[in-house]
Amino acid sequence: MRKNVKIAKRFCCPHCLTVRVKSPGIQMLAEGADEVVRGAYHLDVIERAEHLRCQRCQGILKVKRLIAGDYDYSDWIVDGPTFAGLVLLAVLRWSFDLGWVSAIIISLGLATILWWMISRWQKRRIRARVLKP
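For the record, in the sequence shown the residue sitting at position 19 is 18 according to numbering that gives the first Met the number 0, with numbers rising by one throughout.
Because the hints were derived from the structure by calculation, they are not lab data. If you're wondering where the values come from, they're calculated on a predicted model, not measured in any experiment. Everything hinted at is true.
List time: in silico DSS-like cross-link candidates among lysine-lysine, alpha-carbon distance up to 30 angstroms:
| id | residue 1 | residue 2 |
| --- | --- | --- |
| 1 | 122 | 21 |
| 2 | 21 | 8 |
| 3 | 8 | 63 |
| 4 | 61 | 122 |
| 5 | 61 | 8 |
| 6 | 63 | 122 |
| 7 | 61 | 21 |
| 8 | 122 | 8 |
| 9 | 63 | 21 |
Computed beta-carbon distance windows for the label pairs:
| id | residue 1 | residue 2 | range |
| --- | --- | --- | --- |
| 10 | 59 | 112 | 31 to 39 angstroms |
| 11 | 51 | 112 | 31 to 39 angstroms |
| 12 | 124 | 99 | 31 to 39 angstroms |
| 13 | 20 | 119 | 17 to 25 angstroms |
| 14 | 127 | 49 | 16 to 24 angstroms |
| 15 | 101 | 56 | 35 to 43 angstroms |
| 16 | 98 | 18 | 30 to 38 angstroms |
| 17 | 112 | 23 | 29 to 37 angstroms |
| 18 | 48 | 107 | 41 to 49 angstroms |
Cβ coordinates follow ideal geometry from the N, Cα and C atoms, glycine included.
Take the sequences, apply the hints, and build the full model.
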């Protein structure tokens with residue numbers, strides 16, 4: 000189990016790149032809470048299962064890798080472009096003397112493009128790490 004590591008609440012299917020929220024049972028197992036709630040029925044069922052299927056593409060996901068965090072989709076995807084958009088808004092407004100409306104539109108557009116690029120990069124990195132030949 001991973002100790003002192005923030006566990007992501009979402010995971011990415013490496014086959015179709017769909018991002019899903021982890022179930023509470025998987026989340027508890029990933030956080031190392033299996034020692035505390037060992038007798039719970041749903042945790043035993045999850046632990047015994049070797050594979051799960053993606054709801055979208057029916058691709059096989061290994062439970063041990065899901066618990067270990069190999070499919071984790073991190074939450075910094077939202078925080079990074081938001082911060083960059085706010086910095087860009089300030090730069091456009093005061094350095095280039097743009098109006099508020101045009102500065103907001105430009106920074107929202109560029110932050111959205113940055114979010115899309117980082118999201119695709121992280122999904123492809125998960126795919127490359129998990130689906131090694």
